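Based on the provided sequences and hints, a complete structural model is requested.
Residues in the sequence shown are numbered from 58 upward in steps of one, following this note's numbering.
Hints are supplied without guarantee of correctness; some may be wrong.
[As the list claims (entries may be wrong)] Straight-line Cα separation of at most 25 angstroms, DSS-like style, residue types lysine-lysine; simulated pairs: (1) K89 - K191; (2) K130 - K89; (3) K191 - K178; (4) K139 - K89.
In short, the hints are calculated from the structure, not lab data. Every value quoted in this text rests on a predicted model; they were computed, and no experiment measured them.
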Amino acid sequence: MTSPSTVSAALTYFLGEYNCAQSVVKSVLEHKGLYFDGATQLAAGFGGGICFSGQQCGAVSGAVIVIGLLTGKTVADTREHKAITCRLVEEFSARFTEEFGTIICDDLTGVEMSDEEAFTKALEKGHFREVCPKFVDTTVRMLLEMFPD
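Structure below.
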């Protein structure tokens, strides 16, 4: 079941001081009662498609972190945890790709993140504040469906 307050929190974080990955991690872990000091720092390098390189969407990277953490709460064996985590990440990535056509930040945003001029121009115009919330929103919703309370 999706929690509107969790989605709202994620969007507030994203439109505030946190990147897409941090917003997903913080909101979902808070919802699950598992937030810990350092969680947002763990996700800090994933914004903009991994440090603004335009690769995997930060919201997707945040989902990978959350899936690993939530799976680890129920599966103690390391090999089994990795196998289940990978299966769930594949499932999540397939659903995200079905929804948006890709998991690549450059393609999702329409901005070549590694092009400093293009990135700066998009940032100044508020492009990411317009385009990226739907990726954060959908990611949080999908995670809450995958890991119901």
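K139 paired with K89 [C-alpha distance capped at 25 angstroms]: holds (21 angstroms)
Can the restraint linking K191 and K178 be considered satisfied, given a maximum Cα separation of 25 angstroms? holds (21 angstroms)
With the threshold set at 25 angstroms, check whether the alpha-carbon distance from K89 to K191 stays at or below it. holds (21 angstroms)
Tell me if the straight-line CA distance from K130 to K89 falls inside 25 angstroms. Cα-Cα ~11 angstroms, so holds.
Against the hints set out earlier in the document, no violation occurs for any number.
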